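Keeping the supplied structure of chain A fixed, place chain B upon it in accordance with the hints.
Single-letter residue listing:
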Amino acid sequence: MSGAAAAGVVADAAVEDLRRLELSMERDLLRLLLSLDTVPGEDSLVRRQAQTSAAVLEQVRRRLEQEGETIASVVGQRAIEAVGAVLGAPPATLPVGVREELDAIVNGQVGDVVRTFKAAIPEMREAVARGITSGGSLADVVEDVRARLATTWVRAKAAVDAAIMAAGRRTVLSAAKEVEGDLDLVYVYVGPRDAKNRPFCSAWVGKAVTDPSKLDNGQGIPADDYCGGYNCRHSWAPTSLETAIAEGIKVYRPDGSPVVVDVQRR
Amino acid sequence: MGITTKRSGPPVKFDADKAIRLIAGYVPGAIIRRTGQGIDAHGNPFAPYTPRYRQTLGKMGEDTSEDLRLTGGLMNSVKVREKRITAAGVEVVIAPDTGTSPQVRAVKGRAKRTGQQGPPHNVLGYWLHHGTPHMRARPFMGLSPEQSAELNRILARARLWG
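The listed protein sequences derive, respectively, from chains A and B.
The first sequence lines up with residues -1 to 264 when you count with our numbering.
The second sequence lines up with residues 200 to 361 when you count with our numbering.
Chain B with its partners taken away, still in its complex shape:
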């Protein structure tokens, strides 16, 4: 397939701000929704929780499906943290923030706040995403192939070059 390049007239402009706005508007919601459906960034179901953790969730009266959510603090913290316009295009960093959420434990069959704060959301997110020696990886950050395709369609439709 041939490629047509523009050789005359004013140079083609790339609307970097609009590209950033579209990515910032689409990606956090896509991550939150897909994770809530129990699907990882590769489009596969998350590794199941251990029977022990599932039992603990059940005792606390919590939903036991693999949605990486207990207080909701981690998923609520996923947002745009940095944006850059580079020579090659734009870079938008989307990640959990550095804040913390209240720590919750099962006490007498109820979810009870311990009075302590959990690890910072970005650390917790790293552990969940990559796994630890005691916990299977559940890669939730990123876009699934279908979501990447949708973002590409959105960017293509947005007339970023003009």
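For reference, chain A alone in the conformation it holds in the complex:
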């Protein structure tokens, strides 16, 4: 299996994993929350609060933490397995160093997925606690938790999508890096020019840089792999310096100084 085909399989497996886990987590959490409503017809949690609030809250906390830890562990484990499956069949087109880089990108992203779920645990616990202590309705608590869960999953999916996009960019950049000794390459920032662009993207789109890895996108993630950040729509296109200059593309060094070339003399 080639590197690109394998990356596709990773993407699809990760998406499918997340979809399955999302359904199972939502089902489990709702079952737990609905078990609170032990008195038929009673909507408010006030009466129960008076009787058993401390015990119920503790139980909810434990279950949420347990669920969160399980999800974090399963997501992390499955993502690592997916990467392992790819690396088990080495992509024929990629050298070892590149495969290690891809591994690092996906592993880093798995860490993000895990952190996303860990961060969600206190948020969900707080929603349940607020519902119980304020005497809100069970339906509101369920809806609140469901909304927080949905946000968590959107964040987790974005992290996985970002990993796949980053891996795609890394493959192209690594292939280009291998010929830097033979070709004078620069990296053109390609993509949409619209109001949705982040400041980094607005500043760089249509321009070229000699080394994108040295740029700071202000998001705390590498600009060569993630361009402007998560869900960025842009790409780096390795291009010969000669072509970039001939096409009127402005070329800069990472420190912002322009690259000036006398094409006639080259």
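Incorrect hints may appear among the rest.
Stated by the list, open to error - No farther apart than 35 Å at their CA atoms in a straight line, the calculated lysine-lysine pairs in the DSBU-like style are these:
hint	chain 1	residue 1	chain 2	residue 2
1	B	K282	A	K212
2	B	K258	A	K248
3	B	K217	A	K194
4	A	K205	A	K194
Just so you know, the hints here were simulated from the structure itself, not pulled from any lab data.
These numbers come from a predicted model, not from an experiment.
Positioned in the frame of chain A, the structure of chain B alone reads:
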């Protein structure tokens, strides 16, 4: 013009690995950049988007120029998928991968992810490149005549035979 062939000494060697590396390093970037400029593989501007699609893009606040890009997933997936050394030279297959990108729809004037994945990049790429009964062809895979000439210059300069 006469052709000089080498008749004595060790046989001429062709550095196939280097040729592959150069093609792999040059071509994906060339496709991504040219497509981003709205130019097809023949060097012509892409067929314009339909007014309806352009309107949808506009509603979502997206760039409406014909660059075949919405999430960027398809163009980011264009890469070397296979390489072969053959008796006649080298073959390097460059194409979109088989992964998918999140599906995006216009909802209340904003681009919103539907939660579904779009078609595999290679399928989407095929539709875009060849067109469908409902969509004009926008051939983006391949090199324009100018890009082919540049690649040939790069290969010629690289001293692949020695």
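Now the hints, each set against the structure:
1. Between B/K282 and A/K212, the direct Cα distance comes to roughly 30 Å. Compliance with the 35 Å bound is thereby established for this hinted pair.
2. Among the hinted pairs, B/K258 with A/K248 is consistent with the structure: their alpha-carbon atoms are about 31 Å apart, no more than 35 Å.
3. A distance of roughly 41 Å separates the Cα atoms of B/K217 and A/K194; the hinted pair therefore is violated under the 35 Å criterion.
4. Taken as a hint, the A/K205 and A/K194 pair is honoured in the structure, with Cα atoms around 18 Å apart against an allowance of 35 Å.
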